[in-house]
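Number of protein chains: 2
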Amino acid sequence: MSEVGTVFVGNKPVSSYVLAAVTQFTSGSKRVVLKARGRAISRAVDAAELVRRFLGGKVDYGNIKIGSEKVGEPGKERTVSTIEIELVKKE
Amino acid sequence: MSEVGTVFVGNKPVSSYVLAAVTQFTSGSKRVVLKARGRAISRAVDAAELVRRFLGGKVDYGNIKIGSEKVGEPGKERTVSTIEIELVKKE
Numbered sequence: 001m002s003e004v005g006t007v008f009v010g011n012k013p014v015s016s017y018v019l020a021a022v023t024q025f026t027s028g029s030k031r032v033v034l035k036a037r038g039r040a041i042s043r044a045v046d047a048a049e050l051v052r053r054f055l056g057g058k059v060d061y062g063n064i065k066i067g068s069e070k071v072g073e074p075g076k077e078r079t080v081s082t083i084e085i086e087l088v089k090k091e
Numbered sequence: 001m002s003e004v005g006t007v008f009v010g011n012k013p014v015s016s017y018v019l020a021a022v023t024q025f026t027s028g029s030k031r032v033v034l035k036a037r038g039r040a041i042s043r044a045v046d047a048a049e050l051v052r053r054f055l056g057g058k059v060d061y062g063n064i065k066i067g068s069e070k071v072g073e074p075g076k077e078r079t080v081s082t083i084e085i086e087l088v089k090k091e
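Here the protein sequences come in this chain order: A and B. Counting in full-length UniProt numbering, the first sequence runs from 1 upward without gaps. Counting in full-length UniProt numbering, the second sequence runs from 1 upward without gaps.
Rather than coming from a laboratory, the hints here were simulated on the basis of the structure. One or more hints might be untrue.
Here are the computed lysine-lysine pairs in the DSS-like style, where the Cα-Cα straight-line distance is at most 27 Å [what the hints assert, rightly or not]:
1) A:Lys-65 to B:Lys-76
2) A:Lys-58 to B:Lys-12
3) A:Lys-70 to B:Lys-89
4) A:Lys-70 to A:Lys-35
5) B:Lys-76 to B:Lys-35
6) B:Lys-89 to A:Lys-65
7) A:Lys-65 to B:Lys-65
8) B:Lys-76 to A:Lys-35
9) B:Lys-12 to B:Lys-89
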């Protein structure tokens, strides 16, 4: 398992993303980044808070990045907001 | 107008929060913090990105904080995620 894990948050129940992140931490990752776009951003924030609660304060927030990206076919593109929430295991 | 403005993001159209934040900057605030809970978190991120685009790179992200708070009547409380997105005017 790599040092930095990534979880892409979409439309599944938030528990599936919490499980994915916790699994990456327990398998040895020191950092896990939750990535989401558009309406899934709220779910990514929920997942991050649940991971912190689940791991009982052993995980802190690292860098939180907000941005935008273009989605859709050329000529019909639209801009959607993005978030990257870095969770870091405390030493 | 105080140095630090605050915009609470709820269920209105995102444009109303963009306007509120831009107005605070143009009236002299150096920092504006967008605050949101639950599903409005995605809208707050959208608003922050739109403010940055609208003000043409004159505004950067400062501190972004994620947390939780309890809502609802005593005994029927539930925990909801929160976000605070600080936008800072470049000198």
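A quick look at each hint next to the structure:
no.	hint	in the structure
1	A:Lys-65 to B:Lys-76	34 Å, violated
2	A:Lys-58 to B:Lys-12	37 Å, violated
3	A:Lys-70 to B:Lys-89	25 Å, holds
4	A:Lys-70 to A:Lys-35	15 Å, holds
5	B:Lys-76 to B:Lys-35	24 Å, holds
6	B:Lys-89 to A:Lys-65	18 Å, holds
7	A:Lys-65 to B:Lys-65	11 Å, holds
8	B:Lys-76 to A:Lys-35	32 Å, violated
9	B:Lys-12 to B:Lys-89	25 Å, holds
Checked against the numbered hints above, the structure violates hints 1, 2 and 8; every other hint is satisfied.
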